[in-house]
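From first to last, the protein sequence lines stand for chains B and W. FYI, our numbering numbers position 49 of the first sequence as 338, with every residue one higher than the one before it. FYI, our numbering numbers position 49 of the second sequence as 51, with every residue one higher than the one before it.
Think of the hints as simulated: they come from the structure by calculation, not from any bench. Heads up, some of the hints might be wrong.
[What the hints assert, rightly or not] Label pairs and their computed distance ranges (CB to CB):
#1 Val402/B to Ser72/W: 25 to 31 Å
#2 Glu343/B to Pro32/W: 34 to 40 Å
#3 His299/B to Leu48/W: 23 to 29 Å
#4 Arg340/B to Ser11/W: 18 to 24 Å
#5 Glu17/W to Leu300/B: 44 to 50 Å
#6 Pro81/W to Glu342/B: 28 to 34 Å
[What the hints assert, rightly or not] Not everything, but these chain W residues come out facing chain B in the computed CB check (under 7 Å):
#7 Val39
#8 Lys60
#9 Gly112
These figures come from a predicted structure and were not determined experimentally. All C-beta atoms in this analysis are idealised placements derived from N, C-alpha and C, irrespective of residue type, glycine included.
Residues per chain, in single letters:
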Amino acid sequence: ETGVTQSPTHLIKTRGQQVTLRCSSQSGHNTVSWYQQALGQGPQFIFQYYREEENGRGNFPPRFSGLQFPNYSSELNVNALELDDSALYLCASSSGGVDTEAFFGQGTRLTVV
Amino acid sequence: AQSVTQLGSHVSVSEGALVLLRCNYSSSVPPYLFWYVQYPNQGLQLLLKYTSAATLVKGINGFEAEFKKSETSFHLTKPSAHMSDAAEYFCAVSEQAGGTSYGKLTFGQGTILTVHP
Numbered sequence: 290e291t292g293v294t295q296s297p298t299h300l301i302k303t304r305g306q307q308v309t310l311r312c313s314s315q316s317g318h319n320t321v322s323w324y325q326q327a328l329g330q331g332p333q334f335i336f337q338y339y340r341e342e343e344n345g346r347g348n349f350p351p352r353f354s355g356l357q358f359p360n361y362s363s364e365l366n367v368n369a370l371e372l373d374d375s376a377l378y379l380c381a382s383s384s385g386g387v388d389t390e391a392f393f394g395q396g397t398r399l400t401v402v
Numbered sequence: 003a004q005s006v007t008q009l010g011s012h013v014s015v016s017e018g019a020l021v022l023l024r025c026n027y028s029s030s031v032p033p034y035l036f037w038y039v040q041y042p043n044q045g046l047q048l049l050l051k052y053t054s055a056a057t058l059v060k061g062i063n064g065f066e067a068e069f070k071k072s073e074t075s076f077h078l079t080k081p082s083a084h085m086s087d088a089a090e091y092f093c094a095v096s097e098q099a100g101g102t103s104y105g106k107l108t109f110g111q112g113t114i115l116t117v118h119p
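One chain only, chain W, in its complex shape (with noise of 0.2 Å):
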């Protein structure tokens, strides 16, 4: 089964900074990898996704993630963190669900970015 750990569930940053959350996981298989945001009392909104193209990976809001094999890693970065950035962070992996191709995700315990002024 795939796994994913999230190191550090709390990460603060002053606005303007480097945000830097970290995602390793484990699978048997050539990964599909997500970063899901989470602001309070609302859903999941995807950020970006790892497909096996591009290794860097750019997605919404500025933030974008580098999938390196040899560390089994998927980090995700901002250059410059912003008020509005403040959300639970959550860092998936995508399996076959079943007898489709269908995907269910297997979630990590997720990084609360708090970014104070």
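Just chain B, same shape as in the assembly (with noise of 0.2 Å):
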């Protein structure tokens, strides 16, 4: 059983600039969310896909945005850069309701200069 992989582990970009960020999902999931964790702060939810539609919205403004594919696999895209984007972007999947375990990928280190 494979566990949540995320692509690339670090990223530098430049303000104004967008990126893409990528996540497979443990086999067997099919719900992918992304959170993003600042410095010093717990993580945060940006939005969950659900066989590949937006399940839910935290408060992120739209050019945050995802894709979720018929593996379940999804991509996280942001465009327009700002400096305060720079974070660790963690992708979590799971296959079960509100109560179960949802597993984490190692991050994505992004950060915007």
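Starting from two chains that each stand alone, build the complex the way the hints lay out.
As structure tokens, this is what we get:
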């Protein structure tokens, strides 16, 4: 059983650019959630994808968007990068309901300069 | 909306001492509560979860937590700290993300645990 994998592990972008982060969900999981973890903070929910549809969104602007593919892998896209977008981006996959465990990837560290 | 408060951003203990990390939650419905641990440059790993069964929940690595509805608390404890317990710990509450029953997590700010010899 493979775990949740994210790529790339580190990324440096310039303000105003666009970035795409990738996540492969754990085998058998059909739901992927994305979280942003700023330095010294707890992770914050960006959005969730279930069967290729967005299923809930946190308090993030529309320039944060995503996709889920038929194999349940997912992408997070951020347009018009701002300095405050610098953070660790975590992907989590799950297969059950609200009381089940979310399995997290190692994260992508994004630095915007 | 649900929320989580972790009291104490930093906790320092001696090896072998009791570990107590505090978490209080706010929820209008019976909560599903989780504790996750994060080691440096890594993702989050589940320690334990409360899903309305037993109020005392045992997790991995000797950790346990007690759900107290009257105090809206879910504090994490370990009787004897080990050097390998040094990490950041997050308390989280789960609620429905959208139109399905799948959950989204609301995390506390985290508590950094330092264990010194």
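- prompt: Can you name, in rising order, the numbers of the hints this structure does not satisfy?
  reply: 1, 2, 4, 5, 6, 7 and 8
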